[in-house]
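Here the protein sequences come in this chain order: E and S. Per this note's numbering, residue 1 is the first one in the first sequence, and the count goes up by one each step. Per this note's numbering, residue 137 is the first one in the second sequence, and the count goes up by one each step.
Just so you know, the hints here were simulated from the structure itself, not pulled from any lab data. Fair warning: this is a prediction, and the values are worked out from it, not measured in the lab. Ideal placement from N, C-alpha and C gives every residue a C-beta, glycine not left out. It is possible that part of the hints are untrue.
Claimed, not checked - Which stretches of chain E does chain S cover? Using the computed rule of at least three CB atoms under 8 Å from a CB of chain S, they are:
| id | region |
| --- | --- |
| 1 | 14–26 |
| 2 | 60–66 |
| 3 | 97–110 |
What the hints assert, rightly or not - Heads up, simulated BS3-like pairs for lysine-lysine below, C-alpha to C-alpha not over 27 Å straight-line:
| id | chain 1 | residue 1 | chain 2 | residue 2 |
| --- | --- | --- | --- | --- |
| 4 | S | K210 | E | K116 |
| 5 | E | K116 | S | K497 |
| 6 | S | K505 | E | K116 |
| 7 | S | K174 | E | K95 |
| 8 | S | K160 | E | K43 |
| 9 | S | K174 | E | K43 |
| 10 | E | K106 | E | K77 |
| 11 | E | K106 | S | K160 |
| 12 | E | K116 | S | K259 |
To be verified - Reference excerpt, derived from the structure (chain S facing chain E, CB under 10 Å, subset only):
| id | residue |
| --- | --- |
| 13 | V265 |
| 14 | S268 |
| 15 | A310 |
Listed here are the chains, written in short residue letters.
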Amino acid sequence: MNHNRQSNDGKHDDDSALSDFLASLMDYTPTIPDELVEHYLAKSGFQCPDVRLIRLVAVATQKFVAEVANDALQHCKARQAAVVKDKREKQQKDKRLILKMDDLSKSLREYGVNVKQQEYFADSPSTGMDPATRDE
Amino acid sequence: MNNGCLENRKKEHDNSQKRPKSYKFGSKSDDFALAIAKVAVAQLCESVGFQGFHLSALETLSDISVRYIYSIGKTANLSANLAGRVEGNVFDIIHGLEDLGSNLGFSGASDVDRCVVSSGVVKDITHFVGVSDFIPFAYDVPGFPVVKESAKTGSFWEKGEDPPGEHIPSWLPAFPDPETYATRLSVENETMGVSNGKKTESELERVERNMDRSLLNLQLRFAHNENKGGSSHGSGYVATESNPYLAAPLHVGEKEVSSVVLPTKLSNEVALRNPVHVDVGNHVSVLETFAPAIEAMKSGLCDSDNVKKKLLYDQRPTVRFKIGIGKKSLGTMSDLNSQNEEDLLKIASWFGNDNEKDDKKRRVEKILKESVESSKE
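Pulled out of the complex, with its shape left as it was, chain S reads as follows (with noise of 0.2 Å):
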């Protein structure tokens, strides 16, 4: 079986099979450190006196080296923790080397009470170094692996706040801003909460933003609303939860719940009390707090004045989900809409169009039985 004489063949099939690797050196995290040894085991051939390799070959010896290298280092650490220490030592090194050497032997390898200091491997070390010619490596390496930064938890001594009460230490996360649980007692006295100066992100996000908190402020309201029985009227804030125990006993008739009334009741509060002319969306369907940020876009398409919405609850505390888009911005939001408005007609189309009203309340209303239902559970 001579395999000398078909090289070619050979060099074809290693080039286009991938070698099974163990996973320790051959996984996908140590590609990068592999690269280099290749590269620098190519060095050490050429100056050896090779002119060209076999990719399967010079992998292969790339591969050994690496796992000569991380076999030192095992031995060593061996050997450090064996003497009780943590950190390595050159002894630690030396017996390492002589580990490793012992299959072909050094010098004073059998001596039996020698020193470390003048092992025979450290010997054909000083020699190797005085014979060999410099070669410096043919790229700058960076330092890796390359450390993550962690994500700010958002401490309070990150964010430069005070945490409120002397039993709250420092390091654990902030509280949420007030806006995201805060609730109002009535339209007249709700103002522009979100002054037009103040706009340090992009209103798109903000408007997300806002949306997010109020899908999860209105999950946080029906469970809410389960312990208080509806018969609150949303005085003062979600932080200052009353004892469900204390709550004003229910009326004569009065339900705890009411899902099926509420879009139409709601909608004509709302559109007695909005002060917002909108042009396309006319009812305000408890659909749309779910996707606020569409009827800002939906709204903004039909050149409203004021895209801000309050949408209220009959028979529940206020939910105020405000979208702060002013004057000065609209200009940015009709930018938009005029880029991406076959993309914004298309997502509008999806919460339902004006023309298929019954359909928004009717999922406005299963959604509304779902998750009473699970509240209630």
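Looking at chain E on its own, in the form it has when it is part of the complex (with noise of 0.2 Å):
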């Protein structure tokens, strides 16, 4: 009894909690414009008019983008503080972050997404590179 009573309890404070939050939404408008979520949405079969939905949709979009970014952003600093090691110089060239393919693919990777690119063949490690940012 007392079991039942407090996971009702429980209940309702995490129904409050879900209604508050669903209206605290209509508030923060997600960097993903409604248009382009209700169209994909719309397109997989997905009928709702509440907006307060389409919204969470879009908010669960950013929140997943955010973090496959972040941790692309971890690769490269990462990436970039090993190089560093080796050259001062680059340390100031490379000053700024790029998203870049190999780095998105790792972090993609840890998601269940898997981005390959096809392997290829060069004459040598630097060819096709910058004269100047070529390794010894």
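Combine both chains into one complex, guided by the hints.
Structure representation (structure tokens):
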């Protein structure tokens, strides 16, 4: 009995938390526009007249993209830190953080998305590089 | 294989080559949505800390985010349908999010009897909303896809007409104008059917419209006249078609179809009856029924007073091809002619000059013969 009452109270709290959260979503406009989310939800067959659910999906997607981008950023910074050990010049040049395919593929690997580029053969490890950035 | 040191080459490679995309998310119709997604993802990456992207990486990430939305919708729709509902629910969406997040895991995933409401996924999202900055989308996005208004069917109800007869519902398309199928008995009874007053559309459009109607009418006429045996004289409208079995029998020596004789006969008759004095087109052949508009233009070139023509058949019900170009608008016609004189002359030459009468006659006979043969079949 007690257990049930507790669970009931817990449910009420959770319900209120959820409804509060959905209400708060209306204030927070996600970066992903509602029309875009509506378009793809309609494409998948999901019908819902409630705007809050659209916002919920938009916020969830935003969270996903932010996490993936964050992981890619970590990989990029890690690579730059590894290179900086060898040369100081590189640090000044590569201050810009650029989202690249292999950083992205490494971070997406953890989310179960396999993004792999085709391997290709080159004459030497430094083929096609800028002369300035070429390693000795 | 160190791909990182070949970034410049890769950049060029990516920019020049288009990647093959799957049909669902890469088709042309989806370009707009994908472009919007690219902008949104770029904004998010910028907020995370990136200062630049490779185009391929940006496209990949935006494609994946779009698929994420799609898969949430698909899973939510599936759980809604399983529950016997058509419209989705917040619980359906949370189920979908849990399915997608089960890879990485969320708090409380291993609990056996947990409520969806207290799902760890929602808590994560709540935390994220509290932590992240507010970044509005860079552009105003219109509602898309834009719904195209369907063409009006031209029903009775839309036109405001009462359908003739109670058995005809009002949502059916309206009957065509009587002008298209009406026939008049003789030239004397004819009047300038189209008043000069009402000109709702430009004269060229009207002429073209009449030409189209005339063509259709002509074809209907050929089909109709085969049934009638060519003995009718065009009394009454086509709408009141008589029973072909009750048509008057042919007299001895009378032919059902006459193709060769017709043009000269017709031209003679028309020359007699035609009140229009046309300088250029002195003989009116059947061919010109196929291009009354061109004839009108030609006669307009010659500054005729009245461009209206009535073409009569000898042994067939009269067919009226009205080209209602009044005096009022003749000025515009001549203006048009002066501008496009060369073009009009070119068009007129396509349909034969006056110098090529024989050629025209031959062509007319050929066309008539073909139509007669086809209707006989």
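Query raised in the report: Are three or more residues of the region 97–110 of chain E within 8 Å, CB to CB, of chain S?
Result: holds (count 10)
**Report entry** Agreement of E/K116 and S/K497 with the hint, judged by alpha carbon distance not exceeding 27 Å
**Finding:** 73 Å, violated
Report task. Take the C-alpha atoms of E/K106 and E/K77, compute the straight-line distance between them, and say whether it is at most 27 Å. Result -> 13 Å, holds
Query raised in the report: Within a Cα-Cα threshold of 27 Å, do S/K505 and E/K116 meet the stated pairing?
Result: 70 Å, violated
Query raised in the report: CA of S/K174 to CA of E/K95, is that 27 Å or under?
Result: 24 Å, holds
Query raised in the report: Does S/V265 pass the interface check with chain E, least Cβ-Cβ distance below 10 Å?
Result: 6 Å, holds
Report task. Apply the coverage criterion to the region 60–66 of chain E and chain S: a residue qualifies when its Cβ sits closer than 8 Å to a Cβ of the chain, and three qualifying residues are needed. Result -> holds (count 7)
Query raised in the report: Keeping to a limit of 27 Å between CA atoms, is the pair of S/K160 and E/K43 held or broken?
Result: 10 Å, holds
Query raised in the report: Holds or violated: are the alpha carbons of E/K106 and S/K160 at most 27 Å from each other?
Result: Status holds; Cα separation ~25 Å.
**Report entry** Holds or violated: S/K174 to E/K43, with C-alpha atoms at most 27 Å apart
**Finding:** 18 Å, holds
Query raised in the report: Within the region 14–26 of chain E, is the number of residues with a Cβ closer than 8 Å to a Cβ of chain S three or more?
Result: holds (count 8)
Report task. Below or equal to 27 Å on CA atoms is what counts here, so check S/K210 against E/K116. Result -> With a Cα-Cα distance of about 25 Å, the restraint between S/K210 and E/K116 holds, given a limit of 27 Å.
The structure fails to meet hints 5, 6, 12 and 15 from the earlier list, while all remaining hints are met.
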